[in-house]
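Colleague: One letter stands for each residue in the lines below.
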Amino acid sequence: MAQAKPIVEFDHVGKTYPNGKQALVDFNLKVMPGDFVCFIGTSGGGKTTAMRMINRMLDPTSGEVKFDGKKVADLDPIELRRHIGYVIQNIGLIPHMTLEDNICLVPKLLKWPKEKREARARELIKLVEMPEDFLSRYPHEISGGQQQRIGVIRALAADQKVMLMDEPFGALDPLTREKLQDLVHYLQHDLGKTIIMVTHDMDEALRLATRIVIFDDGRIIQSASPAEILKHPANDFVEELIGPDRMNEAKVMLATASSIMLNNPVSTTGDVTLGEALVKMNNHHIDSLIVVDDEHRLIGELDIGQVMAHRNLKLKVKNYMLASPRSVFEDDLLSSIYQTIINRHLKYMPVVDHDHRVVGIITRSSLATLLCEHVWGKADPEDNADEGK
Amino acid sequence: MKDLGLWQQFFYYFQHNGMYILGKFNQHFLISIEGVLLAALVGIPIGALIAHYRRLSNPVIQLANLIQTIPSLAMLSILMLGLGLGDQTVITTIFLYSLLPIIQNTYTGLRNTSPAVLDASKGMGMTKWQQLWMVEIPLSVSVIMAGIRNALVVAIGVTAIGAFIGAGGLGDIIIRGTNATNGGAIILAGALPTALMAIVSDLVLEGVQKLVSPKGLSES
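So the protein lines, in turn, are chains X and U.
Going by the working numbering, the first sequence opens with residue 1, and the numbers climb by one from there.
Going by the working numbering, the second sequence opens with residue 390, and the numbers climb by one from there.
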């Protein structure tokens, strides 16, 4: 299968204003069809500049912007803009046109027949759950949130595949904003639109984007998936942008098994006797053992109860252990592990690498520690020292 | 006649010269409206032009302002030297006077179109002309109409003075009154319809202004 072609591509794009100010420096980005890309960063960081180059509201001073494989510089800007949805923060509905005329503006510019336009308007207003008789209203007769909903559907009335949004929900109250975020998520996720959104709201970006591009001072600081950005912020600027609360939350959400596991769990091979295993348990004050093969691969586990049930301490461990026990990989997300541990009342869970070699275990208490750290912060080592006295 | 009071004389004059006054009234009105319409035809495009090429706006508006400062009688006399006696001189004068309010209001109206609306219209793929016709003009039509209203009221006054250079109109009656002994009633017979015309056309244009301004604009 052929590799999908990027629908929007920035190729070493730069923008320098006549006064020497560099708004954008060597910007490279490939946006695939169906992507939801968020541009985020400080104001004046170049994010709006970059976005406005796609529909040629601005032209780069160096490099090429491509739309659907064609250089936008070679395309007629008017024609290009009619095929790219455009949503702005201040909504920009045309006040003397009814909602229907506003929605159908681009189809009208493209000379669609009247019936087709009317049908499209009805279809779209249903999409945003507004009554059909709103179509004959004027923008000032509806609320700000409703206006921006019309602003969004206006941008896809001619079935534009790519939508540009410039801080579209910045001026809305949180509740309305959330509803509109659901709407654009639906457009991208379910209708397969490609969306490029400029925002200053990190929550919005983390919630919606498949890729976040972080700008500062005309340069890309980081361009990655939300999870990747939370896990590995490129520098302090990104961390600051994400904020300590979200970083902390992300640490929990994105923590992997290896981050909280206890290293070097007590293990044994299958060839020792139950008696020897019992001694080992006793020495380490534990009630179960992980059984591994010669290459330290997990093959089973032995519980003290099993030993006691047999009494004959000369028997080999490998014959009485619980074979092929449950385990998790070291890079599994805790969020996917914890339920198993809690629901099945497991005391612990062996952690293995991808060759099934045992690297550690997670106990219920390591989960509890993580939880406490998240809620009350890391335990202060000095407190422990006090207790020790 | 001498025994009649001023108002009685006035009505007497009106009864006996009704059709004459009506004729002068029509003539007066047509001269005024002709000058204003010509100014609108020229002024609105100029206003639109300087709204888009803002560097031109200052010199153009300054020039229109300058014209406005010339007293109307002086303007009529100067133009008369070139254009001779008659209504074409008055129409030209009105044309020149009307340029300022029309250009300025067109300019202001177009400049005040919300930047968000313009950005959205451009971003959706409207050409410059489409932006002008579909967005900017409809949104500023009431401001432009206000300029025309203003111009017409001034024009009616200028036309009255235009009678001095033989343009006709109600000014003729006023001049006749000033020349006659005890001509107060005749002056009134010319002046009152002139004032009435100014007031009524202002009211009518106000109605027109409301009519042509697009429905969706909130009342404010």
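Quick caveat, the hints were computed from the structure, so don't treat them as lab data.
Here the structure is a predicted model, which is why all the values come from computation and not from measurement.
A virtual CB, placed ideally from N, CA and C, is assigned to each residue, including glycine.
One or more hints might be untrue.
[Unchecked claim] A partial selection of chain X residues facing chain U, derived with a Cβ cut-off under 7 Å:
1. Ile94
2. Lys111
3. Trp112
4. Ile142
[As the list claims (entries may be wrong)] Label-pair restraints from in silico Cβ distances:
5. Asn501/U to Ala4/X: 20 to 26 Å
6. Glu118/X to Asn454/U: 45 to 51 Å
7. Arg246/X to Tyr442/U: 44 to 50 Å
8. Leu592/U to Glu123/X: 44 to 50 Å
9. Lys604/U to Gln339/X: 21 to 27 Å
10. Glu79/X to Arg443/U: 24 to 30 Å
11. Arg500/U to Ser43/X: 21 to 27 Å
12. Glu79/X to Val431/U: 33 to 39 Å
13. Gly63/X to Arg500/U: 33 to 39 Å
14. Arg500/U to Asn248/X: 20 to 26 Å
15. Leu419/U to Lys111/X: 56 to 62 Å
Colleague: Hints first: check each against the structure and report whether it holds.
Modeller: Here is how each hint holds up against the structure:
1. Interface restraint check: isoleucine 94/X against chain U, minimum CB-CB distance 6 Å, threshold 7 Å, status holds.
2. Here the hint on lysine 111/X is broken, as its CB sits about 12 Å from the closest CB of chain U, past 7 Å.
3. A hinted interface residue such as tryptophan 112/X counts as satisfied when its beta carbon comes closer than 7 Å to some beta carbon of chain U; here the least separation is about 13 Å, so the hint is violated.
4. A distance limit of 7 Å between C-beta atoms decides the matter here; for isoleucine 142/X the minimum to chain U is near 11 Å, and the interface restraint is violated.
5. Roughly 46 Å separates the CB atoms of asparagine 501/U and alanine 4/X, a value that falls outside the hinted 20 to 26 Å.
6. With their beta carbons about 49 Å apart, glutamate 118/X and asparagine 454/U fall inside the hinted range of 45 to 51 Å.
7. For the pair arginine 246/X and tyrosine 442/U, the beta carbons lie near 49 Å from each other, so the given range of 44 to 50 Å is met.
8. In this structure the supplied range 44 to 50 Å holds for leucine 592/U paired with glutamate 123/X, their Cβ-Cβ distance being about 46 Å.
9. The supplied range of 21 to 27 Å is broken by lysine 604/U and glutamine 339/X, whose beta-carbon atoms lie about 59 Å from each other.
10. For the hinted restraint 24 to 30 Å between glutamate 79/X and arginine 443/U, the CB-CB distance of approximately 28 Å keeps it satisfied.
11. Between arginine 500/U and serine 43/X, the C-beta spacing of about 26 Å keeps the proposed range 21 to 27 Å intact.
12. For the hinted restraint 33 to 39 Å between glutamate 79/X and valine 431/U, the CB-CB distance of approximately 34 Å keeps it satisfied.
13. Distance hint check: the CB atoms of glycine 63/X and arginine 500/U are about 34 Å apart, consistent with the given range 33 to 39 Å.
14. Taken as a hint, the range 20 to 26 Å is violated for the pair arginine 500/U and asparagine 248/X, whose Cβ atoms sit roughly 50 Å apart.
15. Distance hint check: the CB atoms of leucine 419/U and lysine 111/X are about 43 Å apart, inconsistent with the given range 56 to 62 Å.
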